[in-house]
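Participant: Based on the sequences and whatever the hints tell you, model everything.
Residue numbers (UniProt numbering), protein chains in the order written: chain P, 1 to 153; chain Y, 1 to 992.
Hints listed in this document are in silico derivations from the structure and should not be mistaken for laboratory results.
Hints are supplied without guarantee of correctness; some may be wrong.
Claimed, not checked - Below, simulated DSS-like cross-link-like pairs (lysine-lysine); rule was C-alpha separation at most 25 Å, straight line:
1) P/Lys-108 <-> P/Lys-127
2) Y/Lys-565 <-> P/Lys-128
3) Y/Lys-334 <-> P/Lys-42
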Amino acid sequence: MQFMLLFSRQGKLRLQKWYVPLSDKEKKKITRELVQTVLARKPKMCSFLEWRDLKIVYKRYASLYFCCAIEDQDNELITLEIIHRYVELLDKYFGSVCELDIIFNFEKAYFILDEFLLGGEAQETSKKNVLKAIEQADLLQEVSHHEGSRFVD
Amino acid sequence: MLNMTVIYFISYLYLRTSLKLMFAFCLHSDEGLSKHPVSLETLYPSIKIKVYFALFISGKSKEAEIKRINKELANIRSKFKGDKALDGYSKKKYVCKLLFIFLLGHDIDFGHMEAVNLLSSNKYTEKQIGYLFISVLVNSNSDLIRLINNAIKNDLSSRNPTFMNLALHCIANVGSREMAEAFAAEVPRILVAGDTMDSVKQSAALCLLRLNRTSPDLIPMGEWTSRVVHLLNDQHLGVVTAATSLIITLAQKNPDDFKTSVSLAVARLSRIVTSASTDLQDYTYYFVAAPWLSVKLLRLLQCYPPPEDAAIRGRLTECLETILNKAQEPPKSKKVQHSNAKNAVLFEAISLIIHHDSEPTLLVRACNQLGQFLQHRETNLRYLALESMCMLASSEFSHEAVKTHIETVINALKTERDVSVRQRAVDLLYAMCDRSNAKQIVAEMLSYLETADYSIREEIVLKVAILAEKYAVDYTWYVDTILNLIRIAGDYVSEEVWYRVIQIVINRDDVQGYAAKTVFEALQAPACHENLVKVGGYILGEFGNLIAGDPRSSPLIQFNLLHSKFHLCSVPTRALLLSAYVKFINLFPEVKGTIQEVLRADSQLRNADVELQQRAVEYLRLSCIASTDILATVLEEMPPFPERESSILAKLKKKKGSGTVSDMEDSRKERSTNVNGSNDHIVTTSPSSDLLGLGHTQAAALNSASPPVTSNAASLLVDVFTESLPVVPPTSIIEENFSRFVCKNNGVLYENQLLQIGLKSEFRQNLGRMYVFYGNKTTTQFLNFSASLVCQDLNIHTTPADPVVDGGAQLQQVFNIECLLDFVEAPVLSVHFRYGGSMQNISIRLPITLNKFFQPTEMTSQEFFQRWKQLGAPQQEVQKIFKAKHSMDTEVTKAKIIGFGTALLDGVDPNPSNFVGAGVIHTKTIQVGCLLRLEPNTQAQASCSVKRTHIHAALYTLMTINCNIDYCSTDISKGKIKIFKCIFKSQHSQNK
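Facilitator: Structure below.
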């Protein structure tokens, strides 16, 4: 996978993850182009499209579009399920996740993504294992936060 | 819709609870997503920040948001710059705010240093935010990379798995070269170390994959590679999943090093596909056992040919059969996730079957399975089935099976609502097309074209054009198809397509009459596309005579038809039509008057467009002054085009590489045979700069006979000129002194700082000997010295040169030359040697020209003029007028004519200022007698008519060589420019 973008129905980018080195300018251009292309598609259309020399796999969940760019030999359907599993992970973590969760807890969204996908490939597909890793981190965070508060006090 | 203004000043917490129901993702999960209560406190420890964020997105307008953000940025900047050192918590808070602002789409140009500082914090959250900032915002060439690398190094050696994972994630996310350099040894070590935690192994594997993708040269293979392969056997499926991706990447680059992965992958795959759906616990996804891992393993196997070991091969075939069988089983869940995961594995298995292309039964089963999907209610599956079938169509085992689905695919083309699916259907039709179904497929594509989306029309046009050409048994069908293309989608017919139809018509005389008739009929339509006018104009201009016998398409009717379109066309088309008109003058003398009237009209002769005006003027003039013979030669039918790869195909390839077009080349070779024989056209273009001179008209007429050249420098139709122009030196060949040797045989040919090349040569009849002297001007040896000469019309023997030339020494090489044929190109001498550390390569044109093989012939005035008059046929004469660069010196000119090789016949011409010469060129196969007459002329407005057709090649060559001679002395003082007229006549006879 070359990159993953999450954007809203209004075209606002909510999360971006790039697995190939690109300049900021190029990233912005790609984002603009893809958001436009995907938003223009009708609901019943298929979830795959060719774009430049890449394949785009996208799916809409409520107000958010999840959009992945994969290479020619990559498997479209399994990518669709990568998106779904990520949504499941977010949903389980936040409890009925919504767009606002991703806006305000962007760092969590990134951490969960890093546990699940790394370098553009599935790292850990077990939901339990991913959430376990995140919860452990949260525990550490709890502890350090309390420590932090104590310092401030 | 989320209205940002609604939530102005409302805290995020309130929002979350109140709007949750509205925004929750519709996640249709029936298992494992129970909404277990989570206390908000554990999830949202830093509520203050959340409220702050809420303010950001609640801005009433874009301007307000920017204002608010700029204020906040200034605040953060002052905090970072302030005297008081910030504690870790505040630093984290502000770095986090910066990240948030960045993710809203604003540029951030500070805070990097603070983020790097966070990396060395002991507190997990601070470290985590630091790493996140680095991953998102630091680009690979940042100068902070050294500091970042240091922090990463510390975390990698911390032995705290959580910290190690953070560090590995950061490397994988940034993936810069500096990081690859710093950690190329460390990451593999962590990956294969016995005591590494599973989760760290997973991160290390994918981290290494990323580094290997960005900087493969920095990742040394080593002892760790074999241990990586054995990760396929790991107990932990997560580790296997991550490691498989790494192995795929490595195996693609070094297949031999990872060969052992094949048997391990087959074994692993076999265990997965035969497992009960609950065996793999959390790795089972909607009743499908480890779909991600299965897909990766199947992908890994596609890096290799079918396993040679029969047992492994058998086991793999079983796996693939099981996967195909499972596709037929009733679904275990109605969830789309279940079918997607199952089919993801199925499609990957089919990819592997196609990759192996060795098991006919599997291929046909795969094809049948895809055939079912072609009519599936899921659009995604139909799309993928069409895509995969394209691949199957190229296999000899399944090509026929794919063809049985033609009706379904055609139906898809007609009924699919999604353009990207229709696009796949077009691709598949293109891939499954062969001689048996070409007519049906082309017809379907043409009818689809009428309603096709604009975005894909051009591609369909190209595909139709290619298929029509590739599978044309009878070329009338081809011509019909292309004309239909132009009629239906003229705007999308690119130049390549209509150039190609003209090439084919010109190269195949059996279709010319039909083509003329068809374009004539097509042009009858009241509104026809401009591309049709171009094709029509070109074809009628060339072959209108073939249908002129029919009174319904008499010359005048043809002309009136073409001219009725003239005023609606663009300038390039009008230019082409003017050329067609002048060709008509040649084909049909009876319409000459009518056409001259048209050309003479003010709208032509005074056209504002310079090209049109020039053509009109020149064509009119040409038609008035040239005799029928000259017209016939100047306006002769176009010679066949050299065969080559269709430019349409090249264009389609460039557009995107899809479908199978491999046997295209072969079918083209078949056709090219009849073309090669007749390629002896010599096309003469005069380099004259005299705009009104007819010599220029000549060039223009020829050029305009082909479609006007626009931007495309490589356009095929024009190439024919450059290929037959005899002296077009490739830029790298040195020939600066070449012309000096036309009239002399000895001297220095070339000299640079290292090397001097001198020549001494003698010629007699068709034989010659040339001594080439290579002088080493340096004090150092030339090593590996070699010099070689290649020329096909000359038989050249030489002694190999000594490989070492000492400093200051001279090396001699002898070339024995035999002239086999009258040749055009002088041979090129390639000299290579090593001087100091570097190779020197020099290519230099050797002055072995056709005139060297002249034998002078003495004759009397009577004999000379008797022969001169006999040689009146156009192909026996070439004439050229050129300006003298300097004032003339009779003695110098005489010397030059003698040097040129002919006898100087003094007192033969009644006009004493003319020079005449005679000689015979000797080659092994033919002898060419030549007469030369050089007429100095003081009149300025002479015209040059060079006759081109069937001029003997020798004659043309002589003229070219002759023009290189500077006939005049170097005395410019008299300043009067004189003009020479040089006439060659020749007759050749075959040697016995």
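Participant: Would you mind confirming whether the straight-line C-alpha gap from Y/Lys-334 to P/Lys-42 stays at or under 25 Å?
Facilitator: holds, 24 Å
Participant: Taking 25 Å as the top limit, are the C-alpha atoms of P/Lys-108 and P/Lys-127 close enough?
Facilitator: Cα-Cα ~15 Å, so holds.
Participant: Hint check: Y/Lys-565 vs P/Lys-128, CA-CA at most 25 Å. Holds or violated?
Facilitator: violated, 74 Å
Of the hints listed earlier, the one the structure fails to meet is number 2.
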